[in-house]
Amino acid sequence: MGVTVRIPAVLRALVGGRAELAVPAGRLRDVLDAIGRESPELVSRVLAEEGALRRHVNVFVNEEDVRFRELLETPVRDGDCVTIVPSIAGGR
Amino acid sequence: MRRRIEFDPDLAPAVLPNSVLNEILAHAREADPEECCGLITGDADTRHRHVIRCRNDMTLWHQRDPETYPRDGKQGFYMNEQDYLRADDDATARGEQITCVYHSHVECGAYFSEMDQDFALQELFPFPDADHLVVAVIGGSVVEQALYRRDPGADGFVGRAVVPGQP
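First to last, the protein sequences are chains A and B. In this text, residue positions in the first sequence follow numbering that gives the first Met the number 0: the first is 0, and each later residue adds one. In this text, residue positions in the second sequence follow numbering that gives the first Met the number 0: the first is 0, and each later residue adds one.
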């Protein structure tokens with residue numbers, strides 16, 4: 000069955016215009032590795048050089064922010080949905 | 000290290016349609032004492048046409064994880080992702096695009112802060128060509144508003160005051 004990765008319109012230019020990607024299940028780290036083999040431009044903007052999630056990018060597994068789960072070690076099972084969303088924030 | 004950018008009062012002001020500016024100022028007053036945030040959509044003919052209010056989730060994030068999110072909604076905004084993704088989809092369906100990101104500052108000026116720039120300049124910022132409108136609310140009233148736009152010549156953003164114009 001695999002995992003569905005939803006790509007919001009604002010990021011589709013980095014994945015050849017596709018709205019969804021299909022990758023095998025695993026840990027989130029494995030999912031990002033699989034995405035990176037097809038779309039390295041996207042993953043290089045999601046992960047910092049040291050391999051951690053960049054501060055301004057949120058990754059959700061089934062609506063749950065992985066920062067409140069196990070970050071890159073979050074399990075992603077068959078049928079799960081992963082969404083990558085840049086954040087918009089600021090303040091005084 | 001970035002420093003806050005103040006708008007330049009000597010530059011010609013940016014003109015926004017009355018209806019657009021009034022809606023944003025009303026949003027800022029209603030959100031007080033928290034910051035508001037939202038988007039403006041437009042097209043090649045009218046850059047600033049529609050206002051879409053978005054939820055400021057900063058207080059929610061702060062309550063959930065105060066270490067990672069030390070500010071609450073009185074000191075910052077965190078635009079609800081579903082709100083902005085839906086606004087972008089709707090704009091695209093209308094043949095428009097996101098042309099401006101707006102938010103308010105409470106009890107301080109309409110400068111473009113270090114934090115504002117930090118997010119606006121991130122590699123994945125979803126609307127890199129958008130303007131940034133900042134509204135200052137002090138004592139419950141809007142006291143000034145300024146528009147910031149990327150200026151490669153200035154290696155950053157240049158800000159100017161905003162005045163209402165024809166709808």
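Watch out, some of these pointers could steer you wrong.
[To be verified] Footprint (simulated), chain B over chain A, 3 or more residues, beta carbon under 8 Å:
#1 31–39
#2 67–78
[Claimed, not checked] Below, a sample of chain B positions facing chain A; criterion: calculated Cβ distance under 8 Å:
#3 18
#4 21
#5 22
#6 32
#7 34
#8 77
#9 107
#10 122
#11 156
Note that these hints are calculated values from the structure, not bench results. Glycine included, C-beta positions come from ideal geometry on N, C-alpha and C.
Against the structure, the hints:
no. : hint  : result
1   : 31–39 : violated (count 0)
2   : 67–78 : violated (count 1)
3   : 18    : 23 Å, violated
4   : 21    : 22 Å, violated
5   : 22    : 19 Å, violated
6   : 32    : 12 Å, violated
7   : 34    : 6 Å, holds
8   : 77    : 4 Å, holds
9   : 107   : 5 Å, holds
10  : 122   : 5 Å, holds
11  : 156   : 12 Å, violated
In summary, the numbered hints that this structure violates are 1, 2, 3, 4, 5, 6, 11.
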